[in-house]
Amino acid sequence: MSGFYIKKLKVVGIGKEDAEVIFEKGLNVIHGPSNTGKSYIFQCIEYALGASKIKDIPESKGYSKLYLEIRQFDDDSPTTILRFLNSNDIFYYNCSIENIEDYQSQKLKSKHEASSEDNISKFLLKKIGINDNKFLVKNKNGEKKTLGFRAIANLSLISETDIISEEKSPVLETQKTQQTYNKSVFRYLLTNKDDIDCNEVEKTEIRKAKNEAKIDYIQAEIVSLNQQKEKLIEEKRKLGSDEIHDLDYYQDKINRIESLIKLKRQELHDINTENNKLNLQKNKIYIIIDKFNLLKKQYLSDIERLEFSVNGEDLLSQISICHCPLCDSELSKDINSGSHDEIIKCSNEEKAKIQVNLKELEISIDELQEQLSNVTKELTLGEKKSEKYKNQIALISSRDLKPLKTVMKILIERAKISSMIDEINNTITRKKGEIITFEESKKIKEDSVTDSLVIDMQIYKDLCNVIKNSLIACGYTDVTNVTFDVKTQDIEIDGVHRLSNGKGYRAFFYAIFVASLMIYLQDVQHNFQRVL
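First residue of the sequence shown? That's 2 in the working numbering, and the numbers climb one at a time after it.
In case anyone wonders, no lab produced these hints; they're calculated from the structure.
A hint or two may mislead.
Said to hold, decoys possible - In silico BS3-like cross-links for lysine-lysine, where the CA-CA straight-line distance does not exceed 25 Å:
1) Lys352 - Lys298
2) Lys9 - Lys26
3) Lys406 - Lys265
From just these sequences and the hints, can you work out the full model?
The structure is reproduced here in structure tokens:
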């Protein structure tokens, strides 16, 4: 169970007798005649729990330190807060007042700081179970500040002047500038939800200045857009505007011309294919002719060889050899010189065969030459035809297709520029609409964000039911109905506003309200100060 109760209050000073008050868990009543220190005890508690100042009374002269021992409800663990009466220094010990000499103190700042943990406000918030920053709306513009412990203390530590006040509600402070924040604190306690998701509303003068700056910026954008549009219009004018047909017309013509070119190229391909075949055939004929000429040369060489042999045999037959050409010995007359006629006969027969082959070879060469001539003529015609088709394709491309594509390119560029001009016009129209919107926004008065920050009426009813039960428990048995006035942030008992009662009843109902608030928040398990 989060929260703490006060165990002891002690004030000390050099040469002064210690003054202390011991409390017990539960209700403690301090009573006595006037000027006996009852109010000062309350102020000491307030000061130890972070109040900015404490009243200076004659009896406090010589006292310098104020100790407040608090204990956690869950485990009764002690914490002692030390605050100096003549300075803002605050320290704490994790022990009872009696044992502070055995423990090291830790310093705390006196002012609430959301960004740090070393201040009395965050220290005490953690003691009651609020460990994270809670962001609460502080004005109608939705600006926020974090929850501080003093805001909760104002709902539980009630001074004697406040409790009998004819103007102050239990929820709101008397300062108007703090009342939005007071409502936010009360709303957070009842709903356990802060205002972190609430959007801020800019101040009128800031919103107006921002809107004027936006308008100036947009107007400068419009000027720039108009300049871009004029440049595009000039570019479009330079491209010419004498075309009489649309893009589809030229595209159709281009398609037909490209189909014709495609057909011509296919025919050219067929011609070149045939020419390649003729070239291949021509090369083959050349190779065969070369081989035949080589064979012819061989035949002629063989004929010369045979003729030489015949002539040689004829000469040899006419020579009579009597002596050896090497040793000059006389040769026998009986040596068989062979038949010269037989050799000549064989040579002539061989020569006749070669001459027949040579004749056939020459006929074949002549036929090949004629074939080569025909192929060459056919190839020449094919190459001329190929060149003709190439020229036709080039002519169609340069004379018909290229001009059309140029026109198409111009038309496409003009269409592109026209589209850009239309887009700029649309943007200018939209920008002018934005200017109108911002002009109107300058005149609109923003609603307060607090209008949307409301508490479910059932929560008020549940709280009022607890208040009613508390009144009955305290002897005010005639009560029949308790309601909460949202406008004044105060209660009405049987239709009578609390502030309309006399001083005694105002104080009584005030006390019942804060006690019931503590009971209700315990019932719904919301964090709250448990010291009243």
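Are the Cα atoms of Lys406 and Lys265 separated by 25 Å or less? 19 Å, holds
Would you mind confirming whether the straight-line C-alpha gap from Lys352 to Lys298 stays at or under 25 Å? 14 Å, holds
Regarding the pair Lys9 and Lys26, is the alpha-carbon distance no greater than 25 Å? 11 Å, holds
Against the hints set out earlier in the document, no violation occurs for any number.
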